[in-house]
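Modelling step: build the complete structure from the supplied sequences, incorporating the hints.
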Amino acid sequence: MTGELIPLMTDFARWLPADYWDLSIPVYLFFAAVAGGAYLTGASACYIRSRRESGPCCLESEIARWGFMTAVASAAIAGLAVLSHLAVISRAVLFPIYLTNFSSWITIGTWILVLLAVFSVICLLLQLFGEDAAADSGASLWPRVLFAKIGILGLADSLVDAVRPPMAVFAGLHLFGSILALATIYTGFELAIVETVPLWNMSVVLPMAFLTSGIAAGVGATLAITMLFEREVGPVFGGYAIIVALFSGLSLVFITYGWQEIATSDAPAAAASHAELTSGALYVGVWLVALGFILSIVAGLVVGIAALTDRLSERAERLGGPALIGSFGLLFVSALILRVLLLLAAEQNPVVVAL
Amino acid sequence: MEDPWMFYFDPNRCIGCHACSIACKQRHDRDPDADDWRTVTHLSRGEYPEFEQLPVSMSCMHCHDAPCETVCPPNAITKREEDGIVTVDRDRCIGCHYCAWACPFGAPTYGDEGLMSKCNMCLGQGPGSGHDQPPKERPEDGGLQPACESSCVGDAIKAGPRSEVLDHASEKAAVRFENDAYGGRVVVEPVDEDAELAAAVRENNTDQAADWLNG
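Residue numbers (this note's numbering), protein chains in the order written: chain U, 1 to 355; chain H, 1 to 215.
Fair warning: there could be bad hints in the mix.
What the hints assert, rightly or not - Cβ-Cβ distance ranges computed for the label pairs, FRET-style:
| id | chain 1 | residue 1 | chain 2 | residue 2 | range |
| --- | --- | --- | --- | --- | --- |
| 1 | H | GLY126 | U | LEU159 | 41 to 47 Å |
| 2 | U | LEU83 | H | ARG138 | 43 to 49 Å |
| 3 | H | SER44 | U | SER203 | 43 to 49 Å |
Stated by the list, open to error - Some chain U residues near chain H, calculated using beta-carbon distances under 8 Å:
| id | residue |
| --- | --- |
| 4 | SER84 |
| 5 | PRO96 |
| 6 | THR100 |
| 7 | ILE106 |
Think of the hints as simulated: they come from the structure by calculation, not from any bench. Only a predicted model underlies this, so the values are computations on that prediction, with no experimental measurement involved. The beta carbon of each residue, even a glycine, is placed where N, CA and C say it ideally should be.
Written out as structure tokens, the structure reads:
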């Protein structure tokens, strides 16, 4: 007796009801990773600014502030999305007391997301207030206007100046925050450990696809927001655009590899997932994902390399900005759709009866 | 854990009457329209007149490796050291549904309140009642026989310590269990009417087995 298992059903049904696959889950998985990408953009812009020894009134400062702002907003959206999915929100809010199983990716992920949010808020406050920020200008300083209107801008500036850490601590803060940003790869592990769903159960491909696409979307979103206000496509924008293109390319490699795995798998649930992804509404989503990633690669590389090497003509520069904003906007939507597709097309392995 | 409790199922004796799932619901005083802790799935293949159907009764299998316990963020799920039964502490559950994703048998269910409940081998009565109960005892020692087992008209279900379950099982089923069929999570008798297919599998002729399956 070999103990071999034979699927008795050639056809099978999704075991889990739709509410288990709530759309808040892909939103959470997406924005957590976007927070990571946006934080990395902010931290790297701070680093570039410090290396160039340029003053506060520079493009890097704008990118840094928008980056940390996007990180804070994304982490907040991710947190709210996952909370909305839970039955007992109060226990999740008291996570240091209740979430004690550190072999669970939800526990690990909660700590990563919360710490990343805290680091993002600290970095944002340090960029928004204080003597340097007061001497700066730019659209990203809009919270200062708000603080001024309610009369606490002076207080905020002096408080931030009083607690502003020395450069070494600042660098350590950014380093640890960047590690947390990369740790948003956990969003992929949350799905990849589910052995019963072949579409998810790819321990390297899925986490890497989530990380790279999250970083690409986070950097791209920060860049697009900054470019809405700073239209000049210079070398700094060019460098970041190339990074978005590279991470989009990496994402596409992992996604294509995963697609091949599913398409060639013998598992009936994998075949069912593949069939769903190649027909009906989900098929349109697949094409949207591919289009979003491919366009951001093309636009990022073409405009990015030209801007980085200062070879953008005046007309090309006028078109380059909108092209990057448009393609990175589509990339953002595509990276979210990628996660929605992974949830909607997920199928569990069918019942098997051993002979 | 020396001799953990587990389930045994014989599809050849199951008549698909659903008495097990009804009895389970009644024992635990659950709403008639609540999700079943024990389900009876009717597997089918072929088309008339070559149509065949096989009922399979399933619940939480109290897995030796309990994937639900591993993924549960608040440690609400416990694989008990004393008897191997997997219980849930609903005072810790946050209702994230992660256990349902991880479970190979689709066992966790969620009521209107969103908290997880599942089979506790009748360690207690009602959702979450198995948590913190004393060790499971055999019926002859005064323990409560699981409702599914006591109500099964064909004796297709048995629950008990692993050694007892394996003694009860046929040699084929026991050998297959030792060979890690179903991940060593439940003892299931081979389907004896599928002699042709069984022979193909025994000879490791998967092509022939697949042909047979596809008619």
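Hints, verified against the model:
Roughly 54 Å separates the CB atoms of GLY126(H) and LEU159(U), a value that falls outside the hinted 41 to 47 Å. Distance hint check for LEU83(U) and ARG138(H): the Cβ-Cβ separation is about 44 Å, which falls inside the suggested range of 43 to 49 Å. Between SER44(H) and SER203(U) the C-beta distance comes to about 34 Å, which lies outside the given range of 43 to 49 Å. At its closest, the beta carbon of SER84(U) sits 12 Å from a beta carbon of chain H; the interface hint therefore is violated under the 8 Å criterion.
Taken as an interface hint, PRO96(U) does not check out: its beta carbon lies about 11 Å from the nearest beta carbon of chain H, beyond 8 Å. Hint on THR100(U) holds. Least Cβ distance to chain H is approximately 5 Å, under the 8 Å limit. With a least beta-carbon distance of about 4 Å to chain H, the hint placing ILE106(U) at the interface is held under the 8 Å criterion.
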